[in-house]
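**Q** Sequence:
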Amino acid sequence: MDRSKGLVVAPWRGDLEPLAADAESAIRDRMRSIPIFSSLGFSDVRLGAGVVACAVARRREFDGIFDSFHGGLLMTAADSAAAIVALTLWGSDARITTTDMNIRFLAPARSDVYLVAEAIKRGRTLVPVAANLWRDDGTLVAVAQITYMRLT
857 MDRSKGLVVA PWRGDLEPLA ADAESAIRDR MRSIPIFSSL GFSDVRLGAG
907 VVACAVARRR EFDGIFDSFH GGLLMTAADS AAAIVALTLW GSDARITTTD
957 MNIRFLAPAR SDVYLVAEAI KRGRTLVPVA ANLWRDDGTL VAVAQITYMR
1007 LT
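Just so we're aligned, residue 857 is where the sequence shown starts under the working numbering, counting upward by one.
Just so you know, the hints here were simulated from the structure itself, not pulled from any lab data. Do not rely on the hints blindly, as some may be mistaken.
Stated by the list, open to error - Computed spacing ranges between beta-carbons, pair by pair: (1) ALA877 - ILE921: 40 to 46 Å; (2) ARG951 - GLU873: 22 to 28 Å; (3) HIS926 - VAL901: 17 to 23 Å; (4) GLY994 - ASP949: 34 to 40 Å; (5) SER895 - LYS977: 27 to 33 Å; (6) LYS977 - ASP923: 22 to 28 Å; (7) PHE922 - ASP949: 21 to 27 Å; (8) ILE921 - SER894: 24 to 30 Å; (9) ASP956 - ILE890: 19 to 25 Å; (10) PHE922 - SER881: 35 to 41 Å; (11) HIS926 - GLU873: 28 to 34 Å.
Glycine included, C-beta positions come from ideal geometry on N, C-alpha and C.
Turn these sequences into a full structure, and let the hints guide you.
**A** Below, the structure written as structure tokens:
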């Protein structure tokens, strides 16, 4: 599959650049301490340096107006995954915040979604992240870009 940095063109299930075992464990511990990850139903989380791949559960009680995964929750999932991307680069204890985010919705999601978030560029204080979400039939549902900032 053709894969350009920062642009994931298909659900990417290849190898991720590994993290040190202690770093991955610390990031997973931090994820478990943040309620949104369990609320959103993140599962099958794969971590690599500058990349996160996971599934996000569709919960019908949170559907939007079109009997599909609510767009605000898709954006929240993308933003949350981007936070983890930042932690894979800056460490599990990094103090971080979102500076901006945008999303383009391309198709309704009436299933769980598969999400891949990848750093476009690693900066000293900023990391822009591309996040893409697919439904279970492989259709691209949304593309997002989120920028995280490392606080002092």
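**Q** If a hint holds in the structure, say so; if it does not, say that too.
**A** Hints, verified against the model:
1. For ALA877 and ILE921, the hinted distance range of 40 to 46 Å is satisfied, since their beta carbons lie about 44 Å from each other.
2. ARG951 and GLU873 have their C-beta atoms about 24 Å apart, which keeps the hinted 22 to 28 Å range intact.
3. The hint said 17 to 23 Å for the Cβ distance between HIS926 and VAL901, and at roughly 21 Å that hint holds.
4. The hinted window of 34 to 40 Å between GLY994 and ASP949 holds, with their beta carbons roughly 37 Å apart.
5. The hinted window of 27 to 33 Å between SER895 and LYS977 holds, with their beta carbons roughly 30 Å apart.
6. Taken as a hint, the range 22 to 28 Å is violated for the pair LYS977 and ASP923, whose Cβ atoms sit roughly 38 Å apart.
7. Restraint check, PHE922 to ASP949: a C-beta distance of roughly 40 Å breaks the suggested window 21 to 27 Å.
8. Distance hint for ILE921 and SER894: a CB-CB separation of about 26 Å, consistent with the stated range 24 to 30 Å.
9. Between ASP956 and ILE890 the beta carbons are some 20 Å apart, a value that agrees with the proposed interval 19 to 25 Å.
10. A hinted range of 35 to 41 Å holds for the C-beta pair PHE922 and SER881, which are about 40 Å apart.
11. Roughly 32 Å separates the CB atoms of HIS926 and GLU873, a value that falls within the hinted 28 to 34 Å.
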